[in-house]
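Protein chains in written order, with this note's numbering: chain A, 495 to 592; chain B, 36 to 213.
Possibly wrong hints are sitting among the right ones.
[What the hints assert, rightly or not] So these bits of chain B aren't anywhere near chain A, every CB distance computed over 10 Å:
1) Val41
2) Leu45
3) Pro125
4) Ser148
[As the list claims (entries may be wrong)] Facing chain A, from chain B, some residues (calculated, C-beta under 7 Å):
5) Val79
6) Arg176
7) Phe178
[To be verified] Label-pair restraints from in silico Cβ distances:
8) Gln127/B x His578/A: 46 to 56 Å
9) Thr37/B x His578/A: 49 to 59 Å
10) Thr180/B x His578/A: 40 to 50 Å
11) Ser588/A x Val44/B: 41 to 51 Å
Simulated from the structure, these hints should not be mistaken for lab results.
Being a predicted model, the structure only gives us computed values, none of them experimental.
Think of the CB as a built atom: it goes at the ideal place given N, C-alpha and C, for glycine as much as any other residue.
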Amino acid sequence: MTDWYMLLAAALFTIGAMGILVRRNALVMFMCVELMLNAVNLTLVSAGRALGSLDGQLATFFVLVVAAAEVVIGLAIIVAIFRHRDTASVDELSELKG
Amino acid sequence: MTVEVVIFVLMGLTALGGAITVVMARNPVYSGLGLLGTMLSLAVIYVSQLAHFVAAIQVIVYAGAVMTLFLFVIMMIGVDVAEDTAENLPRQRLVVGVLAAAVVGFAVYLGVSQGFDWVPAASGEPVAEATNGTVQAIGERLFSTWVLAFEATALLLTVAAAGAIALAYFRRRRAVRE
Numbered sequence: 495m496t497d498w499y500m501l502l503a504a505a506l507f508t509i510g511a512m513g514i515l516v517r518r519n520a521l522v523m524f525m526c527v528e529l530m531l532n533a534v535n536l537t538l539v540s541a542g543r544a545l546g547s548l549d550g551q552l553a554t555f556f557v558l559v560v561a562a563a564e565v566v567i568g569l570a571i572i573v574a575i576f577r578h579r580d581t582a583s584v585d586e587l588s589e590l591k592g
Numbered sequence: 036m037t038v039e040v041v042i043f044v045l046m047g048l049t050a051l052g053g054a055i056t057v058v059m060a061r062n063p064v065y066s067g068l069g070l071l072g073t074m075l076s077l078a079v080i081y082v083s084q085l086a087h088f089v090a091a092i093q094v095i096v097y098a099g100a101v102m103t104l105f106l107f108v109i110m111m112i113g114v115d116v117a118e119d120t121a122e123n124l125p126r127q128r129l130v131v132g133v134l135a136a137a138v139v140g141f142a143v144y145l146g147v148s149q150g151f152d153w154v155p156a157a158s159g160e161p162v163a164e165a166t167n168g169t170v171q172a173i174g175e176r177l178f179s180t181w182v183l184a185f186e187a188t189a190l191l192l193t194v195a196a197a198g199a200i201a202l203a204y205f206r207r208r209r210a211v212r213e
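So here's chain A without its partners, still in its complex pose:
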């Protein structure tokens, strides 16, 4: 059964990575990052179960905390950029100056 969980996680991760490469909206790209983190969480839980250890679930807990912190900072940056430049499209933000 573990193999199927791993395949599902691989598919989710690939969809997330594809979204990062294809989409231009910074918010949607951010959601794709969350998607990839969720896929990794699934692998951690499944592998931990297959190995008969609780450590996979604990690692998932820490990934979740990091994801929450990352969302706070990332969304604050997106809002700050939007207030400044009036756009959330990453194509418009290709210059390294305000």
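Start from chain A and add chain B according to the hints.
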């Protein structure tokens, strides 16, 4: 076992559908709802894998807090700005599609060629008690073996909160000065 298979098929399909919605939807609100569907399906999968605590925080933190934050920001910046579909990089979508198909194909090939034996120690049935992720079991390990990492997350969350406040505060001060 059969119950687990049924749950896996149903929730796996929902998770994949949600993930595809995230990438394909024009409207960011639909993307957010697709992500919500994926997270809830994964929470159900965690329950069927005896990861009760992880499932609970998946619903509370991810589906609750993180998605609410996303929807707040979508409301703030508005959804009426249409994303332009012109490609700045030539054939970007085609290359990405081929790349993704190659990665998934490679993963399937690895799985099949190894006889799906990805986790070496998976010989024999796993002991259900050892991986029963109750709050008590998780808490005992969290505050003994993993206590240093736990303290580090406290620092990380403090820094993140301070950073978010700084981003908002310094912008306002500069706006006042201008």
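Do the hints match the structure? See the list:
Every CB of chain A lies more than 10 Å from the CB of valine 41/B, the least distance being 12 Å, so the non-interface label holds. Remark: the non-interface label on leucine 45/B is consistent with the geometry, its nearest Cβ contact in chain A lying 12 Å away (cut-off 10 Å). Non-interface status of proline 125/B relative to chain A is upheld: no Cβ of that chain comes within 10 Å, the nearest being about 14 Å off. Non-interface status of serine 148/B relative to chain A is upheld: no Cβ of that chain comes within 10 Å, the nearest being about 12 Å off.
Below 7 Å, beta-carbon pairs count as interface contacts, and valine 79/B has none with chain A, the closest being about 12 Å; its hint is therefore violated. For arginine 176/B, the interface hint holds, since its Cβ comes within 7 Å of a Cβ in chain A; the closest pair sits about 6 Å apart. The interface hint given for phenylalanine 178/B is violated, since its Cβ lies 11 Å from the closest Cβ of chain A, which is over the 7 Å cut-off. Range check, glutamine 127/B to histidine 578/A: Cβ separation about 27 Å, and the 46 to 56 Å hint is violated.
Taking the beta carbon of each, threonine 37/B and histidine 578/A are about 56 Å apart, inside 49 to 59 Å as hinted. Taking the beta carbon of each, threonine 180/B and histidine 578/A are about 45 Å apart, inside 40 to 50 Å as hinted. Checked against the given bound of 41 to 51 Å, the beta carbons of serine 588/A and valine 44/B, roughly 43 Å apart, stay inside it.
The structure shown violates the earlier hints numbered 5, 7, 8.
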